[in-house]
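Asks: Kindly produce the complete structure, drawing on both the sequences and the hints.
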Amino acid sequence: MDLNDLTIRKFHKGLLNKEFSALEITQAFFGRIEIADKEIGAYLSLSREEAVRQAEKIDIAVSQNKNISVLAGVPLAVKDNILIEGKRVTAASKILESYVASYDATVIKKLKQAEAVFLGKTNLDEFAMGASTENSAFQVTRNPYDKERVPGGSSGGSAAAVASVMALAALGSDTNGSIRQPSSFCGTVGLKPTYGAVSRHGLIALGSSLDQIGPIAKTVEDAAIVFEAISGRDELDSTSVDSSFNFYEPSLEEIRKLKIGLPKEYFLPGIDTVVEKGVQEAIGNFKNLKIEFKEVTLPHTKYAISCYYIILPAEASANLARYDGIRYARLANVPQDSELRKVYFRNKDMGFGPEPKRRLILGAFVLSAGYYDAYYTKAQKVRKLISEDFDRVFEEVDVILTPTTPTRAFKFGEKTDDPLAMYLADVFTSPASLSGLPAISIPVKKYPLGGGELPIGFQLIGRSFREADILGLGQLYEKINR
Amino acid sequence: MAAIINEKILGNLEELARLKLKAEEKEKMLKDLEKILEHFGELKELDTKGILPMVGGTFSKNVFREDKIDKNHLSRESAVKQFPETQGGFLKVPPVFE
Chain A
103 MDLNDLTIRK
113 FHKGLLNKEF
123 SALEITQAFF
133 GRIEIADKEI
143 GAYLSLSREE
153 AVRQAEKIDI
163 AVSQNKNISV
173 LAGVPLAVKD
183 NILIEGKRVT
193 AASKILESYV
203 ASYDATVIKK
213 LKQAEAVFLG
223 KTNLDEFAMG
233 ASTENSAFQV
243 TRNPYDKERV
253 PGGSSGGSAA
263 AVASVMALAA
273 LGSDTNGSIR
283 QPSSFCGTVG
293 LKPTYGAVSR
303 HGLIALGSSL
313 DQIGPIAKTV
323 EDAAIVFEAI
333 SGRDELDSTS
343 VDSSFNFYEP
353 SLEEIRKLKI
363 GLPKEYFLPG
373 IDTVVEKGVQ
383 EAIGNFKNLK
393 IEFKEVTLPH
403 TKYAISCYYI
413 ILPAEASANL
423 ARYDGIRYAR
433 LANVPQDSEL
443 RKVYFRNKDM
453 GFGPEPKRRL
463 ILGAFVLSAG
473 YYDAYYTKAQ
483 KVRKLISEDF
493 DRVFEEVDVI
503 LTPTTPTRAF
513 KFGEKTDDPL
523 AMYLADVFTS
533 PASLSGLPAI
543 SIPVKKYPLG
553 GGELPIGFQL
563 IGRSFREADI
573 LGLGQLYEKI
583 NR
Chain B
2 MAAIINEKIL
12 GNLEELARLK
22 LKAEEKEKML
32 KDLEKILEHF
42 GELKELDTKG
52 ILPMVGGTFS
62 KNVFREDKID
72 KNHLSRESAV
82 KQFPETQGGF
92 LKVPPVFE
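These protein sequences, in sequence, are chains A and B. In terms of our numbering, the first sequence is residues 103 to 584. In terms of our numbering, the second sequence is residues 2 to 99.
Keep in mind the hints are simulated off the structure, nothing from the lab. It is possible that part of the hints are untrue.
As the list claims (entries may be wrong) - Here are the computed lysine to aspartate or glutamate pairs in the EDC-like style, where the Cα-Cα straight-line distance is at most 16 angstroms:
{"no.": "1", "chain 1": "A", "residue 1": "K459", "chain 2": "B", "residue 2": "E15"}
{"no.": "2", "chain 1": "B", "residue 1": "K93", "chain 2": "A", "residue 2": "D439"}
{"no.": "3", "chain 1": "B", "residue 1": "K21", "chain 2": "A", "residue 2": "E217"}
{"no.": "4", "chain 1": "A", "residue 1": "K444", "chain 2": "B", "residue 2": "E15"}
{"no.": "5", "chain 1": "B", "residue 1": "K36", "chain 2": "A", "residue 2": "D520"}
{"no.": "6", "chain 1": "A", "residue 1": "K459", "chain 2": "B", "residue 2": "E46"}
{"no.": "7", "chain 1": "B", "residue 1": "K9", "chain 2": "B", "residue 2": "E35"}
{"no.": "8", "chain 1": "A", "residue 1": "K159", "chain 2": "A", "residue 2": "E217"}
{"no.": "9", "chain 1": "B", "residue 1": "K23", "chain 2": "A", "residue 2": "D451"}
{"no.": "10", "chain 1": "A", "residue 1": "K444", "chain 2": "B", "residue 2": "D33"}
{"no.": "11", "chain 1": "B", "residue 1": "K29", "chain 2": "A", "residue 2": "D520"}
{"no.": "12", "chain 1": "B", "residue 1": "K32", "chain 2": "A", "residue 2": "E337"}
{"no.": "13", "chain 1": "A", "residue 1": "K361", "chain 2": "A", "residue 2": "D500"}
{"no.": "14", "chain 1": "A", "residue 1": "K547", "chain 2": "A", "residue 2": "E378"}
{"no.": "15", "chain 1": "A", "residue 1": "K486", "chain 2": "B", "residue 2": "D48"}
{"no.": "16", "chain 1": "A", "residue 1": "K483", "chain 2": "B", "residue 2": "E46"}
{"no.": "17", "chain 1": "B", "residue 1": "K27", "chain 2": "A", "residue 2": "D439"}
{"no.": "18", "chain 1": "B", "residue 1": "K50", "chain 2": "A", "residue 2": "D206"}
{"no.": "19", "chain 1": "B", "residue 1": "K45", "chain 2": "A", "residue 2": "D475"}
{"no.": "20", "chain 1": "B", "residue 1": "K32", "chain 2": "A", "residue 2": "D520"}
{"no.": "21", "chain 1": "A", "residue 1": "K404", "chain 2": "B", "residue 2": "E26"}
{"no.": "22", "chain 1": "B", "residue 1": "K32", "chain 2": "A", "residue 2": "D519"}
{"no.": "23", "chain 1": "B", "residue 1": "K62", "chain 2": "A", "residue 2": "D339"}
{"no.": "24", "chain 1": "A", "residue 1": "K189", "chain 2": "A", "residue 2": "D161"}
{"no.": "25", "chain 1": "B", "residue 1": "K29", "chain 2": "A", "residue 2": "E441"}
{"no.": "26", "chain 1": "B", "residue 1": "K93", "chain 2": "A", "residue 2": "E441"}
{"no.": "27", "chain 1": "A", "residue 1": "K483", "chain 2": "B", "residue 2": "E43"}
{"no.": "28", "chain 1": "B", "residue 1": "K36", "chain 2": "A", "residue 2": "D519"}
{"no.": "29", "chain 1": "A", "residue 1": "K366", "chain 2": "A", "residue 2": "E378"}
{"no.": "30", "chain 1": "B", "residue 1": "K69", "chain 2": "A", "residue 2": "E337"}
{"no.": "31", "chain 1": "B", "residue 1": "K23", "chain 2": "B", "residue 2": "E43"}
{"no.": "32", "chain 1": "A", "residue 1": "K459", "chain 2": "B", "residue 2": "D33"}
{"no.": "33", "chain 1": "A", "residue 1": "K483", "chain 2": "B", "residue 2": "E99"}
Replies: This is how it looks when you write it as structure tokens:
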């Protein structure tokens, strides 16, 4: 049985048919990690003992012909900003280097109930701030398709792990594209749920009005299975909503009735021509099914980046204030001091990398007296305009299709000197985040590892809590693209 | 055109963020921020009169619960176990008062 061919569905069938054991597959993945992760660097930490124990439990249940969930025994990678009780969680930052989680995130609790297996924690940009995983304080993660290129970010470790067959699926988090963009760069499927569809309890907060946890997987079907397991109202996250998503196989008849909008603002010059061609290919594939397309307009698209990079640093500066090197973890080489002020300044200086520092300063600026109205309040109003653009368009169409990113994976260091250039690359994923809408990145086609082609992803954006529409279209796309 | 951000403003922001930047960091920060803030100027093009600020999320709804202690969530032991330094079951911190 080839790990390359495995999906969650196939794994579940194979387990039930006793073609292989959960333990065999888990060990196979760890074997693969031992070989491949030296070069790729997707994982920050592994939990082999627990994973093996969990897999063995599943094998016993199978041998006793007990009912097991579709996710039982499935080996998952988890982004290292999601808490698993008793395991280290660092947010890829020195300031949390020695922190051990004191509770399970709700999504982890749910996956434990489904008896999934956790292989380890994956690398990310520090505190999820970034789009290349280059901002990790600990290690570099390389794109499995080209080791000189970034996997994208901030969920670069999770995307690289799935793409290079070091996990069957993974959890990431998306605040402005951090699941979708690395998925586009690494040829995986990545779903950012509607804001509120998945509990944020146990996710290290970056931007509380934007963050969502979501699946990164090999297929849309796999992403749908994971999404169903992790979504739902949670008492511990009062922004979570019961969206009652039920996994289903879409019928061609139902899905064909969906109208897809193509917003002209996402197809302007400035996109890589290869990306443009790839997305046109995807559109062509849908058109072959006689699905109706319509040109639409989202006039405030270009303002999304300014809007986001005012709001996010403001929220992040509030969320990161708690990291003082006192209450979660101590920094090893910071000298003790009896003066509290000195302790704060020293820990934050040594604990935070350049990108968090930049955003903390920017956040302080947009929230400070004299600037608050011109920047923060203004940005919140622009956010409303961006959201209203979508409301209007969703009166004409059901789903919106766009490129996920303007380029394919870029080389290491290409954008690190120019933070603004890095920020502007988020332009296609940002509006859906600001509007709280569900959005998925799907690879245009299958990209074989070592095949010499860099992956391209297209994005589907749906109405609030209509993950069924974008997952349905995505599953259909996979069927016809086989 | 006058710079939006200067050393004095940066100094104030450092104080607010509890960060003390080194000289080279300060220089780069001023350069980067100036570029970024200049870009934000495009928002002035938009007429937002009468638009209510969007605080995020999908819709506003009050969520209430019973005013009862939930013993199932995080036990005191689990929380205290992870504190870097404890004394008598409390987190030990540097003196807060002079």
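Asks: Does each hint hold? Answer for all of them.
Replies: Hint-by-hint comparison with the structure:
no. : hint            : verdict
1   : A:K459 - B:E15  : 9 angstroms, holds
2   : B:K93 - A:D439  : 13 angstroms, holds
3   : B:K21 - A:E217  : 47 angstroms, violated
4   : A:K444 - B:E15  : 13 angstroms, holds
5   : B:K36 - A:D520  : 9 angstroms, holds
6   : A:K459 - B:E46  : 29 angstroms, violated
7   : B:K9 - B:E35    : 14 angstroms, holds
8   : A:K159 - A:E217 : 9 angstroms, holds
9   : B:K23 - A:D451  : 10 angstroms, holds
10  : A:K444 - B:D33  : 27 angstroms, violated
11  : B:K29 - A:D520  : 10 angstroms, holds
12  : B:K32 - A:E337  : 44 angstroms, violated
13  : A:K361 - A:D500 : 5 angstroms, holds
14  : A:K547 - A:E378 : 14 angstroms, holds
15  : A:K486 - B:D48  : 12 angstroms, holds
16  : A:K483 - B:E46  : 13 angstroms, holds
17  : B:K27 - A:D439  : 25 angstroms, violated
18  : B:K50 - A:D206  : 44 angstroms, violated
19  : B:K45 - A:D475  : 12 angstroms, holds
20  : B:K32 - A:D520  : 10 angstroms, holds
21  : A:K404 - B:E26  : 30 angstroms, violated
22  : B:K32 - A:D519  : 11 angstroms, holds
23  : B:K62 - A:D339  : 13 angstroms, holds
24  : A:K189 - A:D161 : 24 angstroms, violated
25  : B:K29 - A:E441  : 29 angstroms, violated
26  : B:K93 - A:E441  : 14 angstroms, holds
27  : A:K483 - B:E43  : 14 angstroms, holds
28  : B:K36 - A:D519  : 12 angstroms, holds
29  : A:K366 - A:E378 : 13 angstroms, holds
30  : B:K69 - A:E337  : 13 angstroms, holds
31  : B:K23 - B:E43   : 31 angstroms, violated
32  : A:K459 - B:D33  : 12 angstroms, holds
33  : A:K483 - B:E99  : 43 angstroms, violated
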